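Going down the list, the sequences are from chains B and Z.
Residue numbering for the first sequence follows the numbering used here, beginning at 28 and increasing consecutively.
Residue numbering for the second sequence follows the numbering used here, beginning at 10 and increasing consecutively.
Don't take every hint at face value.
[Stated by the list, open to error] Distance windows between CB atoms, simulated:
#: 1; chain 1: B; residue 1: W68; chain 2: Z; residue 2: L465; range: 24 to 34 Å
#: 2; chain 1: B; residue 1: G679; chain 2: Z; residue 2: A458; range: 38 to 48 Å
#: 3; chain 1: Z; residue 1: F16; chain 2: B; residue 2: P149; range: 53 to 63 Å
[To be verified] To be clear about the criterion: a stretch of chain B counts as covered by chain Z if any three or more of its residues have a C-beta under 8 Å from a C-beta of chain Z, and this derived list gives those stretches:
#: 4; stretch: 99 to 111
#: 5; stretch: 168 to 182
#: 6; stretch: 185 to 197
#: 7; stretch: 210 to 218
By construction, these hints were calculated from the structure, which means they are not laboratory data.
Quantities reported herein were computed from a predicted structural model and do not represent experimental measurements.
For glycine and all other residues, C-beta sits at the position ideal for the given N, C-alpha and C.
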Amino acid sequence: MSAIDANDLLNTIWIVPALPLLGAIVLLFGGRRIGDPRSGWIATGLLFAAFIWSVVMFAALLNLPEESRHNTVNLFTWLEAGALKVDLGFLADPLSIIWILLVTGVGSLIHLYAIGYMHTDPNFGRFFAYFNLFAASMLVLVLASSFLVTFLGWEGVGLCSYLLVGFWSERRRASTASVKAFVTNRVGDFGFMLAMFFIVGALGSLDYAAMSSKAAGMAQSTATAIALLLFLACIGKSAQIGLHIWLPDAMEGPTPVSALIHAATMVTAGVFLVCRAAPFFERSGDAMTVVAVFGAITALLAGTVALVQPDIKRVLAYSTISQLGYMFVAAGVGAYSAAVFFVLVHAFYKATLFLGAGTVIHGTDDEQDIRHLGGLRKYLPFTGVAFIIAWMSISGVPPLAGFWAKDAVLASAFYAGNYFVYAVGLSAVALTAMYMGRETLLVFFGNERFHPAVSAAGATASTTQVLETTAPEPLVAVVTEPQRAHEHDATASPTVDFGTDPSPEHLSGNPQEGTRVMIVPVLILATFAIFAGLLDLPFTKLEFLNAFLEPVFAGFYTPEPTSFVSALILDVVAVLVVGIGIWIAYKTYGKGLDSTKPDPITKRLGRLGRLFGNAWYYDKFVSAAVGGPIRKASQWLSDVFDLKVIDGAVNGVAHLVVVAARNMRRIQTGLVRQYAIGIVLGTVLLLLYALALVGG
Amino acid sequence: MMSDLGFPILTALIATPIVGALAVLCTPSKRPEISRAVAILTAAATLGFALWLLAEFEAGVGGFQFVEEARWFDALGVGYIVGVDGFSIFMVVITALLFPIGMVASANIGRRVKEYMFWFLLLEGAIMGIFLSLDLIAFFVFWEAMLVPMYFLISGWGSAKRAYASMKFFIYTALGSAFLLAAIVALGFLHQADTGLLTFDYRVLAEWDGLAGGTEKWLFLGFMAAFAIKAPLFPFHTWLPDVHTEAPTAGSVVLAGVILKMGAYGFLRFSFELFPSASVYFAPLIMTMAVIGIVYGSIVAAMQRDAKRLIAFSSVAHMGFILLGIFSITVFGLDGAAFSMVSHPLTTGSLFLVIGMLYERRHTRDIDAFGGIWRSAPILTTLFMIAMFAGIGLPGFSGFIGEFLSILGAFIAHRWWGVVATIGVVLGAVYMLWMFQRVFTGVPNEENAKVKDVNLREIAVVAPLLLISLFIGIHPSPVLDRIEPTARRVINNFEQKTDYGQPDADRVPSPSEIAEEKEKIEQYDTEGPSSPHEDVPK
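Same shape as in the complex, but just chain B (with noise of 0.2 Å):
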């Protein structure tokens, strides 16, 4: 294949967006009639389509030389005005076909499994009509050849994450999250847009190339300025600390919607937005120690509020948050393929939690309640292995993938003389392995605590007993369907907050195991998060994607190891931190619970597990001030400023000329015709007026 060819067949790859976008309008017009679950596998397999035109525009961008890896395919023009000019084009360059095969690829995958999850949902067509949106959305983001198409993407993810996180409407709890999730990330689009207005004004261009060739040369301060503001948007759409309060409500959605959505894909698109804007960010130089700082202050804090939640899914959205923390680091500190690299195994093993996690949650009738599961790996043998293996993977054991890739983080940000955000991200480590050695020792481990034997008996010792009599009829139990003793309202929401006790209902039968379509994935999934760290070992000539990214990155300062006794060193420290995670995690969870008393880790912390456990308070405090003071002021705005002030003052000059009317009684007839002729007189007298103006 010629440099010619490559070109060429880059050319289309707006076919990649525009597979799951053609599944999006056939399933919202046609989802109901071709029902469940042929829509399913119409969405997943267009998606699988674009995964594979994906795979040949990888190969035709891997046939060019390598500083030529860029091509530019221009639609048509959007918006030309002014002296603005914006194509809707595409751009094919080493970070966004990485960034498509993630999405095409995990996406497919995530589908797939959805297949079986959403399975007799009554709106199964437009789940997969909102999930092929999703995707398209998210492709066009990452293909974007200038800010305004990514800014396009960046808007359509937003709007599917608050379709598929309300998704279940009827759950007051959903739809409230669905609102907070867009209004928050609206927050972040408020610095998107601003820094494109500063960005025009600047470069007078919206195009990636633009800032290419001009950011190096632009002042110093206006780089900061538009840096700060995108990564404003960063903090919404990736949940960093400060505006990270929509990812742990959004768990709301239907859990394969966690995984694509709020673990592998949209969340990332912040670290993609500081990748690729990254001419920016380097110019400034101080944007850079804010991204790299939130990042670290954001993997911290979000742990420690991982570690005490008793909810299965909301443990693994403060993960999320912990670990897209992580991806700032290494953007912050110039180690853009450490981040992007983070990005893909994140993605795997994530991925694999939350389908994991959905799986529990689908077998189990919706128990979300770790305090109340336990044991599960005999009854999810797959599901328990791929779980297992991802809390390995995510906790950094060498030499599952997850490992390499905190590796690359932490030592950039090491070698980058950052040794502040090396000290809290590495403490972080510690975190991450107790939190998810909690989740998975408490969710597939110890005692069974799903059995409502076991609150009424009260004790752990009652544990083997009920096994007794539950075990001679395990047909039974899996022919069928697991259900609560009590008959819960299908409309409430599942989720466990902190601070509640875990509620007297329990199954009545036992655990299940997905189906095939929900297996498969996974199993895949948990396959890549055990080697995917083959993509990009520190090792010479094995740095894949590092080189292979390297054009886009050119130029650019990477932090480098000074030495490989250094390097080992610092994976040695960081072994011993996981190392101590998960032996804590074991100690204290690797026998189960007892669940009529608090979780131990809860109750050691003290004050501090209650701190944690209600996520620093943060949330709370906005809520009480947007439905506080804010919403008190609003309404005074309303009720009292604009009725009683503004029309107050219309209605009494009004009044006044009604009551000046009646004292003349002639026009008290209330007519509109003797309002015209009012009016007219009176016009007549202005114009008398000019006239005299216009005479003297």
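Add chain Z to chain B, keeping to what the hints say.
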């Protein structure tokens, strides 16, 4: 200059609805279906003329096209002059589009159909006259004439507090008009005193620059009184929620869609070219009021319990964006404002139509009385949702293009006004999504569970508006290509007549600059990014 069509198309646009109105009067009162048919046919014919005009309208021309002139009151210098340019063409098309839609949406109007249709067509004729007149007196006549049918529509077919609302509308806007008339007459006479010619021909007056600075400011304020109330500019907005709430659905659609735009149009068309120095002088004041309107309108909207009142306050915010764009006095801003004037009728019109459908089903507009409509009426919900996202400026829909360009213009001219206006973009999501949540999500109670989904007629009424919004959101060029030459003409006029200069970022680069730019990009394409930060300390 007779139009090239050999057919007085602009006159036809004004006259067809008026003739149709008279024809409706001749239909028998006992056969409402005949009145209805005649009216809809007339509106459809008008739409046909408008589309023909749009097809024949030459893009890339900034001046007036299809101008028709006739003598009227020579002694007073009043003539009948009509013409169309980039600012008015789309207002004409939108007007012609909304009226037949409003009529079809008025299927539930059961009583006095004949009268209703009569007033409705008369209103259309008057509005066409406003957007097409190039003689100030003729413009004023149409401006005032519009009030009468609107008054009767609200007071005759509105809801509970219609008498109060219609009266408030009439008196408040007529008050503004009084100042407008005085200013028009004074302008005419001042021109006569200076040049000896008494005329109210807008084109002649716009060419003339014999106004003293102080007088120009006073006259600007006279025009502004009428336009600011109509737009409405904060704090002259309080008539709007009352009127919107009480007006029948079609009335609200037309009110939000075109009547509010008349104020913005007035500024663009008349204030700018007649009083350029005063416009520049007052621009910061009006931008400030516009920005307050954006934020204030959004906050107050969030607190409304009545769905129509909420949309009404959202219109205050949206009109704030439009006025902000206009008074940024940049090509971006004017493009954005004129574009929003096309977009806002589509999105807000759709919202009013869907709210109207809900009102017909539940006989309440109280947001808290609803809930769970999604389950009972999924298609209706989808229509509302699309209209909502189109309205809050989701890229891909028309609302975004208008807002983006308007704020961009403001940002470049006066940075902080742009920043505050962008807050409005955040707030826009708050009040709309919150209302959506309360009305459509949740579990429906008994009454809400009985709400019927939309029928085909109802879909046909809303869908075209949303499709157009989507189309021009993805492909705005057909609209912008026709607006921009006029925007440039207006900006050039400013730069010639005053010492105003457009901010740099919005200046169109010279050919040599473009060539240089291209070279740089090509260089990037072939060589990859140059190493940009050799000189940046790490």
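Original post:
Going through the earlier hints one by one, which of them does the structure break, listed in rising order?
Top reply: No hint contradicted; all consistent.
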